[in-house]
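With chain H fixed as given, assemble chain U onto it according to the hints.
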Amino acid sequence: MVNTLVDTDIQHTELTAQSHVMKTQAILPYDKKNDRPLFMVLVILAFLATITLLATASGYRAAVGWQENLQGKLTVQIKPTISGADKITHNTADKAERAKIILAELDQVKTVTILPDEHSKALLEPWLGDASIPDDLPLPILLDVQLNSSQNLEVKQAAILLAEAGIRADIDDHSQWNKEIKRTTSAALLLSYLALGLIIIASVAASIFATRAGLTAQRRLMDVLHQVGAPPDYTARLLSTRFATSGFKAGALGAASALLASVLVGMMFSTSNGFSYFLPGLHLSLTDIYLVIAVPSFLALIIAITSWRTVIKTLYNEIYP
Amino acid sequence: MHINISQQIPNAETSAKSSTQSDANIHFERVGFRYDREGEILSDINFSLPPGSMTFIIGPSGAGKSTLLKLIYLNMRQSRGHITLFGRDTSQIDRKEIPALKRRMGIVLQDFRLIDHLSVFENVALPLRVAGRKRADYKDDVLGLLKWVGLGHRSHALPPTLSGGEKQRAAIARAVITKPDILIADEPTGNVDSDMGRRLIRLFTELNRLGTTTIIATHNTTLIPEDANILSIEHGQVTGTISGEHIG
Numbered sequence: 393m394v395n396t397l398v399d400t401d402i403q404h405t406e407l408t409a410q411s412h413v414m415k416t417q418a419i420l421p422y423d424k425k426n427d428r429p430l431f432m433v434l435v436i437l438a439f440l441a442t443i444t445l446l447a448t449a450s451g452y453r454a455a456v457g458w459q460e461n462l463q464g465k466l467t468v469q470i471k472p473t474i475s476g477a478d479k480i481t482h483n484t485a486d487k488a489e490r491a492k493i494i495l496a497e498l499d500q501v502k503t504v505t506i507l508p509d510e511h512s513k514a515l516l517e518p519w520l521g522d523a524s525i526p527d528d529l530p531l532p533i534l535l536d537v538q539l540n541s542s543q544n545l546e547v548k549q550a551a552i553l554l555a556e557a558g559i560r561a562d563i564d565d566h567s568q569w570n571k572e573i574k575r576t577t578s579a580a581l582l583l584s585y586l587a588l589g590l591i592i593i594a595s596v597a598a599s600i601f602a603t604r605a606g607l608t609a610q611r612r613l614m615d616v617l618h619q620v621g622a623p624p625d626y627t628a629r630l631l632s633t634r635f636a637t638s639g640f641k642a643g644a645l646g647a648a649s650a651l652l653a654s655v656l657v658g659m660m661f662s663t664s665n666g667f668s669y670f671l672p673g674l675h676l677s678l679t680d681i682y683l684v685i686a687v688p689s690f691l692a693l694i695i696a697i698t699s700w701r702t703v704i705k706t707l708y709n710e711i712y713p
Numbered sequence: 002m003h004i005n006i007s008q009q010i011p012n013a014e015t016s017a018k019s020s021t022q023s024d025a026n027i028h029f030e031r032v033g034f035r036y037d038r039e040g041e042i043l044s045d046i047n048f049s050l051p052p053g054s055m056t057f058i059i060g061p062s063g064a065g066k067s068t069l070l071k072l073i074y075l076n077m078r079q080s081r082g083h084i085t086l087f088g089r090d091t092s093q094i095d096r097k098e099i100p101a102l103k104r105r106m107g108i109v110l111q112d113f114r115l116i117d118h119l120s121v122f123e124n125v126a127l128p129l130r131v132a133g134r135k136r137a138d139y140k141d142d143v144l145g146l147l148k149w150v151g152l153g154h155r156s157h158a159l160p161p162t163l164s165g166g167e168k169q170r171a172a173i174a175r176a177v178i179t180k181p182d183i184l185i186a187d188e189p190t191g192n193v194d195s196d197m198g199r200r201l202i203r204l205f206t207e208l209n210r211l212g213t214t215t216i217i218a219t220h221n222t223t224l225i226p227e228d229a230n231i232l233s234i235e236h237g238q239v240t241g242t243i244s245g246e247h248i249g
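So the protein sequences, as listed, match chains H and U.
So the number in this note's numbering is just where the residue sits in the first sequence, counting from 1, plus 392.
So the number in this note's numbering is just where the residue sits in the second sequence, counting from 1, plus 1.
For reference, chain U alone in the conformation it holds in the complex:
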C-alpha cells in the first residue's frame, strides 16, 4: 500500500520556513526492517511527508512506531527499500555525515534523555555547544526559549528536581533550540498526565506553525488535534491514514 499524504493534504500554510527547508520532505518507498534473522518488524512501508507538515503516527505498543521514527532520525538503517531524507537516499549516506544531518532534526523521546548533572539551561544549550557555538552567542536564545516553554524560572534547576511535564518541555526546548527542519517525538506524552499531554501537543502545534515538519508517535489518540495527519501502523505495516487540513 502506498500512501502519499503530500498529495492528499495540501499544506500550503506551513511554508513559513525558508527555502533551506524545501528538502525536508520524508519519503518511504517499500521500506522493510528486520533485526538480523528475525522476521520483519516493518514491512512495505510507503508514505511521503511534505515539508512543514504535522503527522501523528499511531498504533498499539509494539506496532513499530519507534522503529519507524528511528529510521527517520538515522539511528538505524532500513533492511530494504528506500528512504529519502533531505533529498538524499539514506542508504547512501555515509555514517560520518549522520551528525550533520541529525543537527537538522530535533528529537524528543518518552524518557526525556536529559543529562542529570547539567542544569536545564545547559541541557537545552547542549546542541549549540556541540555545534561549536559560543555561550555569549546563544545565551539569550536559550533563555528566550526556556521562557517560551514556561521554564524561564527553572533554567538553573537540575533535571531530577523537575516534574515530568517540566522535563518534557525541557527536552522539547533542547530539540528545537537549533531551529531544526524536522521535529520528531516518540511518545512525548507517555510520562505525563493527560492535562500536561494536551499542553505539550499544543506546544508541538505551535512549533509546527513556525514551519517545522513535525512527526509524533503516540498510542494515545485522544490527544491528537482534529485537523492532524495520521499514519496508522499495526504489526509493522501501514494500515491507514487520516488526512487533516491546514495544519499550521
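Excised from the complex, chain H in its bound form:
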C-alpha cells in the first residue's frame, strides 16, 4: 500500500497513532444490562442444583451409615412371662444369661452383650413420657449380638436354639428396617436425579433462549463478521465463550450461596446428637466440596455446548446462503 494520503486536500493533524492504539478490544464485550437477567436465572439454577446435590449426597451418606450400623447385628428380646412379679424378673434375667451363653458359642457370633434396663426403659419413653417407670413393671431384656464380619446368622436358626433351651425370645436382624431405608433412599435418589435433570433442562432452555436473544441483539455484529469472512465457528466461539464465562461466574455464585445456606441451615436446626429432628444432620464432606466446585464448570460446559449449537444453527439458517 502506498504511503500517501489519497485525500490530499483534507488537512489532518496526524497524531502518532501508536500511542493511541491501546490493547485489543473485545469484539463481543460483556453487556451488563442485557446479560443480567440470564445471569440471575443461572445463579438460581446453580443454587438449586447445588442444594439438590448436597441434600442427595447427605441423605445417601446417612442411609448408608444406618445400613452399615445395622448390618452384622441382631437384637434379641427376652420377654417376661406373665405370672408373679418377683419370679418374672428373676426368670427373665436368668434366661437372658443363658441365651447369652448359647449365642456366644456360635461360630458366627463375635460378642453378646446384655443391655442394661435403661435401654428397655428408653424404648418406653415415647409412650410413657418422662414419668418414672415403676421398678416392678415387667420389662423385656435386650441382648445386642455382634456377628463376625462377612458372617450371617439365620434368625430362624438362633430362635430354634433358644426355644430348645426353653427361652422365649424375639430376634430381629433389622432386615425389614434395612429394606425400608433402601426403599426410601432409592426414592429420594430418584427424586434428586429427576430434580437435577429438570435443572439441566432448564439450564439448556435458558441458554438457548439467551443465545437467541444475544444473536438478535448482536445481529449487526454477526452480519459484519459474516461480511469480513468470519467462519461460523469463529462467531459461535465468540458467543459461546461469552455465555459460558457468564455461566461459570453465575454457577460459582449460586453454588457458593447454596453451600453457605446449607451450612447455616445445618447449624440452625441440628441438635446435639447430630440429628435435625428425625432426619440425619447435614455434615459436609470432601465429596460435597468437590460437587460444589463441579457445579460452575458443569453449568459453563452445558451453556458452551448449547450456545455453540444454537449459534451455528442460527447462522446457517439465517445468514449463510
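Derived by calculation from the structure, the hints in this document are not laboratory data.
Take the hints with a grain of salt, since some may be wrong.
Said to hold, decoys possible - Restraint ranges, calculated between C-beta atoms of paired labels, are given here:
no., chain 1, residue 1, chain 2, residue 2, range
1, U, Asp117, H, Tyr626, 15 to 25 angstroms
2, H, Arg453, U, Arg96, 51 to 61 angstroms
3, H, Ile685, U, Gly165, 47 to 57 angstroms
4, U, Ser80, H, Thr416, 53 to 63 angstroms
What the hints assert, rightly or not - Each computed PhoX-like pair below joins lysine-lysine, with the alpha-carbon atoms no more than 25 angstroms apart:
no., chain 1, residue 1, chain 2, residue 2
5, U, Lys71, H, Lys415
6, H, Lys425, H, Lys641
7, H, Lys705, U, Lys97
8, H, Lys548, H, Lys465
9, U, Lys97, U, Lys140
10, U, Lys71, U, Lys135
11, H, Lys571, H, Lys548
12, H, Lys513, H, Lys492
13, H, Lys415, U, Lys135
14, U, Lys97, H, Lys415
15, H, Lys425, H, Lys465
16, H, Lys471, H, Lys492
17, U, Lys135, U, Lys148
18, H, Lys705, U, Lys71
19, H, Lys492, H, Lys465
Claimed, not checked - Covered stretches of chain H, as calculated for chain U (at least 3 residues, CB under 8 angstroms):
no., stretch
20, 620-632
21, 677-689
Using N, Cα and C, we set each Cβ at its ideal position, and we do this for glycine too.
Below, chain U without anything else, positioned relative to chain H:
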C-alpha cells in the same frame, strides 16, 4: 442480452496484482433471482468483468443493483443461471467455503456497518483478527492504511464520533486491509455529501490502480469518472453498458 465487457474494454494496465488474482474475474450467464414465489428481481443477467477492472453498476432505486452485488459477494444464491467467481461456479460452492472466499473480497455498504463499541483501528483490523493474524503483525499495516485514507489521527475514535465521510473511509479501509482481489461497494456515497462522494470515488480509483477488481453500485451518475465501465440495470435486467478506457 449478453454483454462481455472484457471483450470490449482492454484493461491491460490493471494487472498490477500477482497471478493469484488471475481468477478474480466475475462471469454472469443467464442469471435470474427471485424470492420464493415472487417474480424475478433479476432476470437473464449476462456479463463478464475481468480481473483488475473497475465497473460502476447504475440504475434507479429498486432496479436490482444491491441484489446483483449480493450475488457476487455470496450473500445470496441465484435462482437460475451460472455465476463464475474465482474460477468456480458459485452454485457448486459449499456454504462452508463461503467465509474463505469472502476473505478474498472487500465489501463496503451504504450504512458503513462499523461496530460502534470498537475503535476505528479495531474496526479496520477486524478482518485480520478474524483471519487469525496476530496484533503485532498487523498493527503497522492498519495504522499505515488509516493514514492513507486520512484517518491516521482518528484511529482511537469510536464510530459514533465520526462524520459520515470518516465512517465511509473507515469502512473502505476495513474492506481493503486484507488486500482483497475484488472490492465491492454498494452505494458508498449514499450517506455523504457530493464533495466527500467525489473524494471517496477517487479513493476507489486509487485502489483499483493497485490492481483490485472494483465494482461500485450507485444511482448517482455524476460521480462516475469518464473512463469507467458502466453496467446499467433497470427492472432487474441489464439495459446497457458504457465502456471506459484504461482504468488504473
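Each hint tested on the structure:
no.	hint	result
1	Asp117(U) with Tyr626(H): 15 to 25 angstroms	holds (20 angstroms)
2	Arg453(H) with Arg96(U): 51 to 61 angstroms	holds (53 angstroms)
3	Ile685(H) with Gly165(U): 47 to 57 angstroms	holds (53 angstroms)
4	Ser80(U) with Thr416(H): 53 to 63 angstroms	violated (42 angstroms)
5	Lys71(U) with Lys415(H)	violated (34 angstroms)
6	Lys425(H) with Lys641(H)	holds (16 angstroms)
7	Lys705(H) with Lys97(U)	holds (13 angstroms)
8	Lys548(H) with Lys465(H)	holds (15 angstroms)
9	Lys97(U) with Lys140(U)	violated (29 angstroms)
10	Lys71(U) with Lys135(U)	violated (30 angstroms)
11	Lys571(H) with Lys548(H)	holds (19 angstroms)
12	Lys513(H) with Lys492(H)	holds (21 angstroms)
13	Lys415(H) with Lys135(U)	holds (12 angstroms)
14	Lys97(U) with Lys415(H)	violated (32 angstroms)
15	Lys425(H) with Lys465(H)	violated (62 angstroms)
16	Lys471(H) with Lys492(H)	holds (14 angstroms)
17	Lys135(U) with Lys148(U)	holds (20 angstroms)
18	Lys705(H) with Lys71(U)	holds (22 angstroms)
19	Lys492(H) with Lys465(H)	holds (14 angstroms)
20	620-632	holds (count 6)
21	677-689	violated (count 0)
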